[in-house]
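Residues per chain are reported as follows:
Number of protein chains: 2
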Amino acid sequence: MATLIAPSHYSPVEDAEALQKSFKGWGADDKVIIAILGHRNVDQRQKIRKAYEELFQEDLIKRLESEISGDFEKAVYRWMLEPADRDAVLANVAIKNGSKDYHVVVEIASVLSAEELLAVRRAYHNRYKRSLEEDVAANTTGHLRQFLVGLVSSFRYEGDEINAKLAKTEANILHESVKEKKGNYEEVIRILTTRSKTQLVATFNYYKDEHAISISKKLLDQTPDDFHKALHTAIRCINDHKKYYEKVLRNAIKKFGTDEDGLSRVVVTRAEKDLKDIKELYYKRNSVHLEDAVAKDISGDYKKFILTLLGKQD
Amino acid sequence: MATLIAPSHYSPVEDAEALQKSFKGWGADDKVIIAILGHRNVDQRQKIRKAYEELFQEDLIKRLESEISGDFEKAVYRWMLEPADRDAVLANVAIKNGSKDYHVVVEIASVLSAEELLAVRRAYHNRYKRSLEEDVAANTTGHLRQFLVGLVSSFRYEGDEINAKLAKTEANILHESVKEKKGNYEEVIRILTTRSKTQLVATFNYYKDEHAISISKKLLDQTPDDFHKALHTAIRCINDHKKYYEKVLRNAIKKFGTDEDGLSRVVVTRAEKDLKDIKELYYKRNSVHLEDAVAKDISGDYKKFILTLLGKQD
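Quick mapping for you: the protein sequence lines, in order, are chains A and B.
Position 34 (the first sequence) corresponds to 34 in UniProt numbering; numbering is contiguous.
Position 49 (the second sequence) corresponds to 49 in UniProt numbering; numbering is contiguous.
With the rest of the complex left out, here is chain A:
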C-alpha cells in the first residue's frame, strides 16, 4: 500500500497559480510547495506541471530547482519526474558515481516489472541519447559488466509457472559457484539475469531448504567485491524488495550524518506504491516508527517534505 495522501478533487490551474504565487518575493514559500506537491499523485503532478507551463510559459521543475536547494530540492525534483524518467535519472547518476552506487542500478533493474524497466530504457534514450545498457557497459568491466548489462537488458517472463526440477538443478549450480572462490560465474549470471522472478524465488527457496542458509547470506562469506555486492543486491531485490528497501532505509538513517540520497530515493520511488508495507517492516525490525526515526535524523523543509510523503497527517 501507498503512503501518499492525495485528494481526488484538485485543480491543476489553481495549484499552478498557488505555486507561482509562492515563488514571489525573496525565496519560495516552502510550506505551499509541500502542501501542494506532497499531496498530489503522479498524474496530478504531471497535470500541474502542464498547467504551469501553459499559464506561465515556464517549466515548473526548472523553476523549483531555482527556488529551493539542497536535499529538499533534490527530493522535490525527483518527485516531480514521471517514474520511468526518474529511474532513468537515478540510473544515470549512479553510473556516473561509479561502484559505490551500482546498487541503485541493480535495484531499478531487479525491482521493476519487465514493462516498467522497458519504460525506463525508453526514457533513458529520450533523455541521454544513448541506451542504458550502453552506459552501464562502457563504465564497467568483467563479470560485473556482464551481470549489470544482463540485468538492465532483461525482459523477464512474468507468468507464475515454476519448474521445480529446474529450480533444484539451478540451486545446485548457484551453490557450487558461490561456495568456491573461482566459481562458474557465467552460470550464476545466466540464471539471475534470465529466469523469471517466480522461478528464481523457487530456486532461492530450494537453496535455503538444502543448505540451511539463504543464498544472499552465503554470498556475504565471499570477499565483497563490486560483483558480489551486485549479486547480493539483485538476489535480495528479487526475493523480497520490500524487505530490501527496509534495510536501505535502516542503513540510511543509522549512518552518521544520514544517507539522504538513499532515504529520498526509497521514499520518493515507493510513496505511491508500497511504502506503507515498508514502513510496517521497518517498525517490526527496529521497534521504532519510521517517521520518528526520520524526524530525529533530518530537519527543515526536507524533513517536512519526507514526512509528508511518508503519510504524516498535516
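Keep in mind that a hint or two might mislead.
If chains are identical, the list can't say which one is meant, so a pair holds when it fits in one copy or spans any two.
Said to hold, decoys possible - Straight-line Cα separation of at most 25 Å, DSS-like style, residue types lysine-lysine; simulated pairs:
{"id": "1", "residue 1": "Lys129", "residue 2": "Lys197"}
{"id": "2", "residue 1": "Lys312", "residue 2": "Lys243"}
{"id": "3", "residue 1": "Lys208", "residue 2": "Lys47"}
{"id": "4", "residue 1": "Lys129", "residue 2": "Lys165"}
{"id": "5", "residue 1": "Lys47", "residue 2": "Lys165"}
{"id": "6", "residue 1": "Lys242", "residue 2": "Lys100"}
The set of hints was computed from the structure by calculation and includes no laboratory data.
Chain A is fixed; fit chain B onto it per the hints.
For chain B alone, coordinates are given in the frame of chain A:
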C-alpha cells in the same frame, strides 16, 4: 520497397469462405490458397484469420497445416503469423537446431528496430512461457552466449547522432581484438551489442578507411567458430541488411538441393518490407533475376507461392 501485391479492396468473409470451400474434398485447392493468401498484407491476413474463426469455429492456421504439407506448408504457416510472432517461432526453432542456425537469431536481433525486437520478445513470452534471452542463454556458453544474449536483449538508441571520436576509438578496439587470436572479446561484445546502429556503421566505416578492408572480411581470417560466425553475421546485418539477405538468398539457391528454410525465411519476412530492393541487389550481383533462379530451383505449389510473394504477376 515491398514485392507483395495486395488489393486495397477485399472481403475477409469472402476470403474465409473461399478458403473453406477450397479445403473440401480430397486435398485442398492450392491455387485458391495461393491466389488469396499470397495477395493479402499482414492486416488483411489477420482479418481473414479472424473471419474464418468466427464463421467456422476453427483456426485457419491449424486447418492449413492439416491441408497442405512440406515446404509449402512451412512457408504458408510462417506467412500467416504476425511478424513478431513469426520471428519468435523462427528464433525458437533456431535455438533448438543449435549452432548451425544461430545466424537466424543474430539476424532477428540485428535487423529489427528496437521496438520490433521488443515485440518479438513479448511474442516469445506469450508463446513459450519463457523469455527469448533465457532460452538463448540456456543453450549456449562462453563468448557466444554473452554475444547472443546481448544482441537479443538490446534496446538500441535510434537517434542519428554520431560520435566521431568514439567511432575512431572503438574501431581501434575492434581492430586490436580481431587481429589477435586471443583478443579482448569482452570489448567487441560490448561495442556490437550496445552501440546504436548509426554509431556502429560509423565505426565500421572508420575501420575500413584505416585498414583498407572491412571488419567483416577481416573476421573471416579467423578460425570460423560459432562465435566468430555470429560476429560476422551481426556486423553484416547492422551494416547493410539488404546486402546480407541477398547473400542468404544466393547461398540458399546455390546449394545442392536448395536451402528452402533460408529461401522461405527471407521471402516471407521481407516480402512486405524491402524484398524489391533485395531482388535488385540479387540481379546486380548474379546477373540473373531472382524469380528465374528460384523458378529453376524449386517446384510445385511451393514454387508458385514463393514466386507470388516475389511479386510475380499472375
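**OP:** Identify every previously stated hint that the structure contradicts and give their numbers, smallest first.
**Re:** Numbers 3, 5 - these are the hints that the structure violates, sorted from lowest upward.
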